[in-house]
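Student: Sequence:
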Amino acid sequence: MVEMSVDIRKIGYNAAVASQNLAMASSSSKNEALEHIANVLSKMKQFVLDINAKEVADARTRGLPAPMIDRMTLTEARYEEMISGIRKLILLPDPVGRILDGYTVESGLNIQKRSVPLGVIGVIYESRPNVTVDIAALCIKSGNACILRGGSECFQTNLTLYELMQEAIANTSIPVHSVNFLTSTDRELVNKLLTLDEFVDVIIPRGGETLHRMCVQHGTIPVIVGGFGVSHIFVDSTADIEKSVEIIINAKVQKPSACNALDTLLIHRDRAVALLHNLEPELAKYNVLVHAHGEVNEIMKDYPYKTRATADDLNTEFLGLQMNIVLVDSVNDAILHIRKHKAIHSDAILTNNYHNAMLFSHSVPSACVYINASTRFTDGGQFGLGAEVAISTQKLHARGPMALEALTTYQYVCSGDYLVRS
Numbered sequence: 001m002v003e004m005s006v007d008i009r010k011i012g013y014n015a016a017v018a019s020q021n022l023a024m025a026s027s028s029s030k031n032e033a034l035e036h037i038a039n040v041l042s043k044m045k046q047f048v049l050d051i052n053a054k055e056v057a058d059a060r061t062r063g064l065p066a067p068m069i070d071r072m073t074l075t076e077a078r079y080e081e082m083i084s085g086i087r088k089l090i091l092l093p094d095p096v097g098r099i100l101d102g103y104t105v106e107s108g109l110n111i112q113k114r115s116v117p118l119g120v121i122g123v124i125y126e127s128r129p130n131v132t133v134d135i136a137a138l139c140i141k142s143g144n145a146c147i148l149r150g151g152s153e154c155f156q157t158n159l160t161l162y163e164l165m166q167e168a169i170a171n172t173s174i175p176v177h178s179v180n181f182l183t184s185t186d187r188e189l190v191n192k193l194l195t196l197d198e199f200v201d202v203i204i205p206r207g208g209e210t211l212h213r214m215c216v217q218h219g220t221i222p223v224i225v226g227g228f229g230v231s232h233i234f235v236d237s238t239a240d241i242e243k244s245v246e247i248i249i250n251a252k253v254q255k256p257s258a259c260n261a262l263d264t265l266l267i268h269r270d271r272a273v274a275l276l277h278n279l280e281p282e283l284a285k286y287n288v289l290v291h292a293h294g295e296v297n298e299i300m301k302d303y304p305y306k307t308r309a310t311a312d313d314l315n316t317e318f319l320g321l322q323m324n325i326v327l328v329d330s331v332n333d334a335i336l337h338i339r340k341h342k343a344i345h346s347d348a349i350l351t352n353n354y355h356n357a358m359l360f361s362h363s364v365p366s367a368c369v370y371i372n373a374s375t376r377f378t379d380g381g382q383f384g385l386g387a388e389v390a391i392s393t394q395k396l397h398a399r400g401p402m403a404l405e406a407l408t409t410y411q412y413v414c415s416g417d418y419l420v421r422s
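Residue 315 in our numbering sits at position 315 of the sequence shown, and the numbers go up by one each step.
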């Protein structure tokens, strides 16, 4: 692995200058840059996939965890989805310059509330190389410069994607330093980025809880927290058994390494035997390891992939083919359980009872709450927002999938006829 020396202050300065120019760029200029990036990445697909395959093979040799290997793997489908995300972004309205509100006050002062870019966005992320492209594209469209720091396990893939984007941007009118990448895995650079408040306006970590807490504790820049949390599905006493099984399997196995994959299944006691009878063979097809709590052990006594659960399991984001199963007596008990065990991301109720659905949706504190739908829908693309920079689980500024609008703030533009305050 060949790494370059990094002058992070120079990177920050260049990004800040680029952000000032990018904030004034026209929609057509930004879209042209995105089109160039999509074209270059499409042309160089096999080159990138070959580099990624070598890194994935090396990760397996080093014995990295299976969920991490899955997240760092660029398949043909994931690569095409990444490019498709850029092209969808081009078609979306420009979020910059929108007039959010406008009025004239008694003094005669005309006030407009207008959307503007955040400025320079620092993103620290693990594993997923598609994040390199998704974030760069979102930042360009929203008029922000970005500084990217990817994980060491995918360094060469990330570096290659960055260099290809630089090549594409160089042939457009937007500043080449609109997208920046820390070309070293030196961990000290993360600490420096977190305190580069002279140039960086916001930090967005994408990874596990440890990464987020570290950014919050050591950063001198506002940090948008998200991307982790224990995801729950509660099967109510009125839920349709067959349809519930389909949703549970989708939420658990469609992409087990995703942050919105199911971690804990809560079942109303009245539905437990019937639901688990139908669910067991489907879980067994995928070798899903069940952490069985209480009476679930007896009901699932013949299930081959089962372990006795511990209390800590209920606070665990598995990011793989494991899940808790717990019985509860009511929708209120389910809500209390969810509120107690890190429900900040994506949680669902499966029910045919309108009152219970409304009670659940108003009581669960998660960024995204689902009624009769899989938690796997928490995604910028699935929400019709284009790609996403993160899933925010905090309550200030942005929440849920953070796409274009979440990467803007606003300013008040006030005008008068040489007006003075009396």
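The set of hints was computed from the structure by calculation and includes no laboratory data.
A hint or two may mislead.
[What the hints assert, rightly or not] Listed next, with one range per pair, are the computed distances between beta-carbon atoms:
| # | residue 1 | residue 2 | range |
| --- | --- | --- | --- |
| 1 | N21 | T238 | 25 to 33 Å |
| 2 | G97 | E198 | 23 to 31 Å |
| 3 | E163 | I111 | 22 to 30 Å |
| 4 | N110 | L396 | 35 to 43 Å |
| 5 | P222 | G63 | 35 to 43 Å |
| 6 | D302 | R60 | 45 to 53 Å |
| 7 | T310 | K45 | 30 to 38 Å |
| 8 | G97 | G384 | 20 to 28 Å |
| 9 | G416 | Q254 | 55 to 63 Å |
| 10 | E80 | E282 | 23 to 31 Å |
| 11 | E282 | A77 | 31 to 39 Å |
Every residue gets a Cβ at the ideal spot worked out from N, C-alpha and C, and that includes glycine.
Student: Could you tell me whether the CB distance from T310 to K45 stays inside 30 to 38 Å?
Tutor: Since the Cβ atoms of T310 and K45 sit about 44 Å apart, the hinted range of 30 to 38 Å is violated.
Student: Taking 20 to 28 Å as the stated bounds, is the beta-carbon spacing between G97 and G384 within them?
Tutor: holds, 21 Å
Student: Is the distance from the Cβ of E282 to the Cβ of A77 consistent with 31 to 39 Å?
Tutor: violated, 23 Å
Student: Could one say that the CB atoms of D302 and R60 fall in the range 45 to 53 Å?
Tutor: violated, 33 Å
Student: Falls inside 25 to 33 Å, the C-beta gap from N21 to T238?
Tutor: With Cβ atoms ~57 Å apart, the hint is violated.
Student: Just tell me: holds or violated, for the beta carbon distance of G416 and Q254 against 55 to 63 Å?
Tutor: Between G416 and Q254, where Cβ atoms are some 56 Å apart, the hint holds.
Student: Please check whether E163 and I111 have a Cβ separation lying inside 22 to 30 Å.
Tutor: Taking Cβ atoms as reference, E163 and I111 lie about 45 Å apart, which means the hint is violated.
Student: Given the hint of 35 to 43 Å, check if N110 and L396 actually sit that far apart at their C-beta atoms.
Tutor: 29 Å Cβ-Cβ, so the 35 to 43 Å window is violated.
Student: Okay, E80 versus E282 on CB: inside 23 to 31 Å?
Tutor: holds, 29 Å
Student: Do the beta carbons of P222 and G63 sit within 35 to 43 Å of each other?
Tutor: Since P222 and G63 have Cβ atoms about 37 Å apart, the given range 35 to 43 Å holds.
Student: Can the suggested window of 23 to 31 Å be confirmed for the beta-carbon pair G97 and E198?
Tutor: holds, 27 Å
Hint check: violations occur at hints 1, 3, 4, 6, 7, 11; the rest are consistent with the structure.
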